[in-house]
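Enquirer: Residue numbers (the numbering used here), protein chains in the order written: chain A, 3 to 117; chain B, 5 to 178; chain C, 27 to 515.
Derived from the structure by calculation, the hints contain no laboratory data. Misleading hints may appear alongside valid ones.
Under the rule of at most 35 Å between Cα atoms (straight-line distance), these lysine-lysine pairs were calculated in the DSBU-like manner [stated by the list, open to error]: (1) B/Lys77 / B/Lys27; (2) B/Lys27 / A/Lys27; (3) B/Lys77 / A/Lys27; (4) C/Lys188 / C/Lys451; (5) A/Lys27 / C/Lys188; (6) C/Lys188 / B/Lys77.
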Amino acid sequence: MIYSLCLLLILVGLYGVVASRQTVKIVISLVIMQHGVHLLLLLIGYRSGGSPPIVDPGQVITTFAGLSVDPLPQALVLTSIVIGLGVLALMVALCVRLYERYGTFDVTEIRRLRG
Amino acid sequence: MNTLDKRQPGMSMIVRTVTRWLKGPILLFGIYLVMYGHITPGGGFGGGVIIACAFILIMLALGGQSGLGVFSKGAASRLDSVGLLIFLGVGWLGTYWASGYFYANFIDTPQEAWFTLFSGGTMPVMNVALGLKVASALFLVFAVLTGLKIAGGDGSEESRAWPAPTDSDGSETL
Amino acid sequence: MFDVDIRVLIPLFVALPLAVALLTQLAARERPGLAGLLTNLTMLGLVLMSCLTIGASGLYHLGGWPTPIGIDLRLDSLATLLLLVINIVGLAVALYSVDYMRRYTASSHFYGLFLLMVTGMNGVVLAGDLFNLYVFLEVAAVASYSLVAFGCAHEELEASFKYIVLGSLSSALILIGVALVYGITGTLNMAQMSGRIAETGMNAPLLLAFGLFICGFSFKAALVPFHAWLPDAHPAAPAPVSAMLSGVLIKAIGVYVLARLAFNVFGAGDSELSLLRWLGVLSMIVGGLLAAGQSDIKRLFAYSSISQVGFIILGLGLGTPLGLVGALYHLVNHAMFKSLLFLNAGAVEYATGTRNLYRLGGLNRALPVTGATSLVGSMSIAGIPPFNGFWSKLIIIIACVEAGFYGFAFVAVAISIVTLAYQLKVQRLAFFASLPDSFRDLRREPLLMSLAMILLAAGCIALSFLVLGGLRDPWLIGAAQETLSAGPF
Chain A
3 MIYSLCLLLI LVGLYGVVAS RQTVKIVISL VIMQHGVHLL LLLIGYRSGG
53 SPPIVDPGQV ITTFAGLSVD PLPQALVLTS IVIGLGVLAL MVALCVRLYE
103 RYGTFDVTEI RRLRG
Chain B
5 MNTLDKRQPG MSMIVRTVTR WLKGPILLFG IYLVMYGHIT PGGGFGGGVI
55 IACAFILIML ALGGQSGLGV FSKGAASRLD SVGLLIFLGV GWLGTYWASG
105 YFYANFIDTP QEAWFTLFSG GTMPVMNVAL GLKVASALFL VFAVLTGLKI
155 AGGDGSEESR AWPAPTDSDG SETL
Chain C
27 MFDVDIRVLI PLFVALPLAV ALLTQLAARE RPGLAGLLTN LTMLGLVLMS
77 CLTIGASGLY HLGGWPTPIG IDLRLDSLAT LLLLVINIVG LAVALYSVDY
127 MRRYTASSHF YGLFLLMVTG MNGVVLAGDL FNLYVFLEVA AVASYSLVAF
177 GCAHEELEAS FKYIVLGSLS SALILIGVAL VYGITGTLNM AQMSGRIAET
227 GMNAPLLLAF GLFICGFSFK AALVPFHAWL PDAHPAAPAP VSAMLSGVLI
277 KAIGVYVLAR LAFNVFGAGD SELSLLRWLG VLSMIVGGLL AAGQSDIKRL
327 FAYSSISQVG FIILGLGLGT PLGLVGALYH LVNHAMFKSL LFLNAGAVEY
377 ATGTRNLYRL GGLNRALPVT GATSLVGSMS IAGIPPFNGF WSKLIIIIAC
427 VEAGFYGFAF VAVAISIVTL AYQLKVQRLA FFASLPDSFR DLRREPLLMS
477 LAMILLAAGC IALSFLVLGG LRDPWLIGAA QETLSAGPF
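Take the sequences, apply the hints, and build the full model.
Expert: Quick look at the structure:
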């Protein structure tokens with residue numbers, strides 16, 4: 003059931019990318035979509051009643067593995083957030099440069115390449 | 005971003021005073037996250053972002069020039085490369101000093117030293133290198149994007165890098 | 027002793043270009059000459075390392091951690107083939123760009139981004155688990171987004187924006203697929219994953235994940251209907267970047283990953299492979315027909331890339347050993363001759379300043395090296411008998427007939443004829459017609475650009491000998507067989 007909320011977030015982002023008329027709104031919708039995907043990835047690693055994946059000083063590894071939520075998706079999401087940050091910086095720089103060249107943020111007017 | 009053009013650079017007096025007090029603790033908090041990254045959640049990425057936020061706060065509140073005076077764009081670019089080179093260097097050292105694998109952990113830690121600051125072998129070193137890289141990269145992105153002078157916005161060709169091919173907008177479509 | 031050497035080389039394929047990319051940013055920011063020299067030396071080193079890996083295979087555990095816990099780098103025959111292709115084409119492009127990029131400001135950044143792209147592609151080919159594949163894929167993709175926008179002209183920025191939005195969308199789809207597969211099999215390591223999938227069989231969630239992967243990676247490989255970015259991005263980019271993108275990137279991060287996932291990880295059966303076949307045929311038809319009507323020389327080559335990648339995916343989708351041999355041979359061939367053709371188009375643009383076919387003419391006399399190598403490239407891609415394109419297309423067509431898909435074979439033959447038609451159009455309009463007056467005193471191409479083009483043309487001619495038995499076995503057949511064997515590898 004909660005996975006469907008993640009899917010809803012992804013679809014909202016997808017709708018934003020497809021239906022937005024301005025480049026900055028497309029960028030923001032892509033970020034929303036990436037947030038949805040990260041939430042999905044985190045939820046897959048969830049164990050109900052689990053503890054955070056931090057080993058306490060006295061704990062044995064096997065009891066830790068039996069208690070905690072899965073730490074691997076959390077590492078994947080961290081990496082993916084940083085990748086998303088890099089791509090976001092590039093997209094924003096492109097939006098600024100596009101404004102410089104075309105004088106508008108409107109996607110329907112940035113259409114010099116045809117055919 | 006017109007914070008560079010006002011009479012007094014930066015924001016209002018309250019913001020500037022609070023920033024002068026808080027920039028130290030924020031930086032310290034970021035360094036704490038980086039250094040203890042192998043014991044508590046945090047590490048290179050999160051700590052690096054907080055360190056970058058300290059410098060970005062200086063730049064926003066006290067004006068772009070004073071921000072760049074503390075941490076210039078050239079220094080950020082160089083620290084960026086140096087941080088990742090240290091990261092790769094640690095990995096390469098693992099090939100030669102230890103069991104012969106890239107990124108082998110070649111600094112041994114005895115059992116009683118676990119969960120203290122100087123444990124975890126090469127991991128704190130890699131965390132510091134990552135923190136350096138992420139902090140300088142994020143600050144550089146912010147400094148460059150806010151320092152861009154938008155040239156006209158009417159499609160002028162001033163900062164074009166390459167003479168245009170004369171017929172590239174497809175006069176004949178399908 | 028020899029075995030240990032090879033295993034030490036494996037992480038160097040990724041670490042060396044990355045380190046040199048950072049060094050060019052540190053040491054050579056104001057000196058593009060030094061950056062160009064470092065780049066060329068690195069690519070030469072990578073080519074030598076790739077030659078050392080021929081016939082070897084190995085598994086490299088990063089950090090010494092064993093397989094289920096650690097990150098693996100895998101080297102097998104398919105990876106070796108792709109590494110050779112990436113690094114040899116990369117060397118030629120690096121040679122070419124020393125002269126071509128002189129006209130751009132800030133060209134030292136170009137070399138850093140170029141080496142980052144090579145790092146990403148080498149990492150994708152060598153990755154042994156799915157998430158590292160994704161990370162290196164993103165490294166190569168972000169470097170390519172920046173490279174497409176390098177000259178900051180109108181069309182470059184617009185093309186790069188389209189590319190980056192569609193690229194991020196497809197990466198999000200791929201990440202959803204990774205999440206699903208991890209949830210079902212519990213591991214990210216591709217070898218372990220293939221073992222678990224072989225046990226449980228292809229149930230509905232795995233089919234959904236496979237579908238998501240096909241959608242995501244078909245974007246990267248520019249298959250129709252996911253091709254919308256390619257005809258804008260490849261012409262707009264500077265010529266060496268177009269050559270790398272069209273020649274190597276769409277194959278290393280698109281076709282290679284599709285082959286790995288379909289055969290080694292998911293163990294795809296006929297119903298899944300039929301999707302690949304239909305995507306391939308659709309790309310062939312749409313790419314070929316749209317290429318014939320173009321007037322911009324680079325846009326024509328971009329649509330032609332879509333069409334040729336359709337051939338490769340059709341060969342992959344057949345699933346038979348002969349089909350796979352044809353597909354891999356065509357992959358290698360296409361990398362050679364398409365990058366050669368894009369470098370030729372770049373040389374034409376460098377000398378004359380235009381890309382419109384109807385304004386060019388008679389360049390065989392003005393630019394002899396470009397004309398000769400372009401003739402070799404065009405004959406190769408059109409499939410004229412002694413050249414390499416003929417053999418690879420023939421093998422794919424024979425494989426189609428052998429597997430019983432007569433309709434697909436007929437379409438492949440028809441699109442080959444269309445390919446011949448538009449390549450003849452390019453040759454006639456650009457090189458063989460009479461020289462217009464405005465082009466009377468053109469500069470010849472600089473030395474390094476000529477050298478790079480001759481290198482690739484020699485590669486095309488050398489590859490046509492690959493169909494002979496003795497050379498074929500270690501390189502192509504081994505790769506095809508290893509790829510086809512599904513299950514733990």
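Enquirer: Each hint needs a verdict: does it hold in this structure or not?
Expert: Structure-based check of all given hints:
1. Note on lysine 77 of chain B and lysine 27 of chain B: the hinted pairing holds, with a Cα-Cα distance of about 19 Å set against a maximum of 35 Å.
2. Using a Cα cut-off of 35 Å, the hinted pair lysine 27 of chain B and lysine 27 of chain A holds, with the two alpha carbons roughly 33 Å apart.
3. Only pairs whose Cα atoms come within 35 Å are accepted, and lysine 77 of chain B paired with lysine 27 of chain A is accepted, the gap being roughly 29 Å.
4. Using a Cα cut-off of 35 Å, the hinted pair lysine 188 of chain C and lysine 451 of chain C holds, with the two alpha carbons roughly 29 Å apart.
5. Among the hinted pairs, lysine 27 of chain A with lysine 188 of chain C is consistent with the structure: their alpha-carbon atoms are about 14 Å apart, no more than 35 Å.
6. Pair hint lysine 188 of chain C plus lysine 77 of chain B holds up; C-alpha atoms about 29 Å apart against a cutoff of 35 Å.
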